[in-house]
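Please build the complex by placing chain F on the supplied structure of chain P, with the hints as guidance.
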Amino acid sequence: MRATIPILAFAAVCSVPLFATSYYLYLTELAMINIIIAAGLNLLSGNCGLISLCNASFMAAGAYGTVLLVNQGGISWFAAMPAAAFLTFLLGAVVGFPARRLSGLYLALVTLGFLELVQIAIEESPDFTGGIRGLKVARPELFGIPFHSETALYLLVVALAAVAVFAAWNIQNSRFGRAFDAVRQSPFAAQAVGIPVARVKLLAFAINAAFAGCAGGIFAIVAGFIDPTEFGVLESLKHITFIVVGGLGSVVGSIIGAVLLTALPEALRGTQEYSELIYGLILLGSLMFMPRGLVGLLNKLPAWKLSERTRKEPAHGAP
Amino acid sequence: MILPLPPPWKDLKRVELSRSGLSCRNRLGRYPASSRHCGKIPDKRRLVFRDDNGSAQTPPAVAKMSWQVASQLALSGLSIGSIYALVGLALVLPYKASGVVNFAQGEIVTLGAYAGLILANFGLPYLALVPITLLLAAAAGALIERVVIRRMMGGPEFTLVIGTFAIGIVIKALIRLHWQDNTFTLDAPFIGAPFRLGPLRLNPAYLVFVASMAVIAGALSAFFFYTKFGKAMRATALDAVAARLMGIETGSVFASAWALAAMLGALVGLLLAPVIGINPDMGQLILKGLVAAVIGGFSSLGGAVAGGILLGLLETYAGAFWGATFKNLVPFAVLILILMARPEGLAGTSSARRV
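If you read the protein sequences in the order shown, they are chains P and F. Using the working numbering, the first residue of the first sequence is number 1, and each one after it goes up by one. Using the working numbering, the first residue of the second sequence is number 320, and each one after it goes up by one.
Source of the hints: derived by calculation from the structure; they are not laboratory data. We put the beta carbon where it would ideally sit given N, CA and C, even for glycine. Mixed in with the good hints, there may be bad ones.
[Claimed, not checked] Covered stretches of chain F, going by a simulated chain P footprint (3 or more residues, C-beta under 8 Å):
{"no.": "1", "region": "433–447"}
{"no.": "2", "region": "463–476"}
{"no.": "3", "region": "637–649"}
Next comes chain P alone, as it looks inside the complex (with noise of 0.2 Å):
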């Protein structure tokens, strides 16, 4: 009976070929990639309580990994994609090492440092990378036979949504999930009941890596081309504002914030100019007004009884 509302919603995104244009059909792929890149973010922002402004860096090391494997090494996307986000999974392990000891703030440092870092990595390896000129990038294959068709492309780019939000949920409700939780809420009382702080630490960036990285590969593809200037720190609080507008820890909230804030620009037509100026409000009044986002406000209705665990302190007044 819990599973009803997923498949329901799985079938009526599946459905989205039978009746949209190529270009809403590539909208609802953006929403989907920005739903498995939220999914991981919400483990470690929302769950772990650690700052990362070098998620879009994860998302690049995914993107121009699958497609310098397949490009350069000459492998199906369908086996160069795994593998460059396993390869992120490792670099996440590499940044979330300094995390172990530091926090907050400096974190926030680390990660910034990283991220222009990758940004100057990409931009001064044109021969690898293409430089600031990016890359572009071709529609994979399967068994030699290309991947010419939008839907079947789309029906991919939604499978492996489906499966980051089912793996992200259970990984939330596992044993990682919970220590995940009590690190956040108090890493001295987390170690103390016998939580290996420091390794649940980088376990967390590993796993919000191998998400970041696993989008980007998608993302290759379903662009069709890529540059640095799509992964910097303004795509990074991109990232931030979906699972802050959906819900910090909350797998639904990664998913309405995801798709509202890829709706957003399209809503807003004709008004491209203010789509920074937009972001930026939203971010900083959910801050301010929406402290648990909007699955905190659904919450409160007394209709509306989600099954899953959020937040349960208030954002404010945490340690």
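Frame of chain P, contents of chain F only:
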């Protein structure tokens, strides 16, 4: 460094030397989605570099060490380091008072430059518009503290970091809406031809940078040690609750720390505007300020000044001897190394934390 637009790029608003050679942006400030435009841009090594006075320069080659070169580099390192130090001070001040790092400080630098631009358009000379801009900046800083920051203070650090970032996004977006990505110039009396002093070439603008930094660092330390309000600020930085119990109005201390920091930021904007031009990306300077503050341990004003100058020197020498790529890597490498090895800064001491 801004280049005049050659004919094929007329449709682009701006061609600039980014940290890695040339980049081009369209009207919305994005890089073109295709490589169409960028493909036409020649290799960066064949470009004519122009210095601040518009005369052509040979591309900076790898320097050979001599006493003259070393001291010339030390001078430019010191001057750019002074700017970093000022930004570092503007970051450390509110952090000490209210425990919040203002990631929007870079945008306050930009805001200061644009405020100067507006006032200059009213016909005000540079020396008259500086004090007015500083007053406006102080008001803006206090306003940001009052309206946004105070609501978030005491909340989780996540909210504070992302919240100040969001303020920065809003400010930058507002500036972009009105002025787009154009680069504007601002006239200042200290823009002139470099003069010779013995074997060294001195650029008057750089001397002004160093002098402003020295004056401000001196004034700040005098303020904190000799005035009553400065002492109140120090007490609040040590322990806000205890300070309030002693009858210090911590609210006004927070607001004035933010006002002071905004003034410093706006001053940096006004100092840099005549030299590098005014554009919405000036705020990227905040990264250097953050590194300066981290080197100094993020809680000592003297440390931020020393960190800024150290960073300026490191960057200049690295750029001269190992090239531009290395120069761009230096700040972030320093940042990550210090945070991993000595998070309390080079000079700082680690303090006990309450569990």
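Here's how the hints hold up against the structure:
For the region 433–447 of chain F, the stated coverage by chain P is violated: 0 residues have a C-beta nearer than 8 Å to a C-beta of that chain, whereas at least 3 were required. For the region 463–476 of chain F, the stated coverage by chain P holds: 7 residues have a C-beta nearer than 8 Å to a C-beta of that chain, and at least 3 were required. With 3 residues bearing a CB less than 8 Å from a CB of chain P, the region 637–649 of chain F meets the requirement of three and the coverage assertion stands.
Violated hint: 1 only; the structure is consistent with all others.
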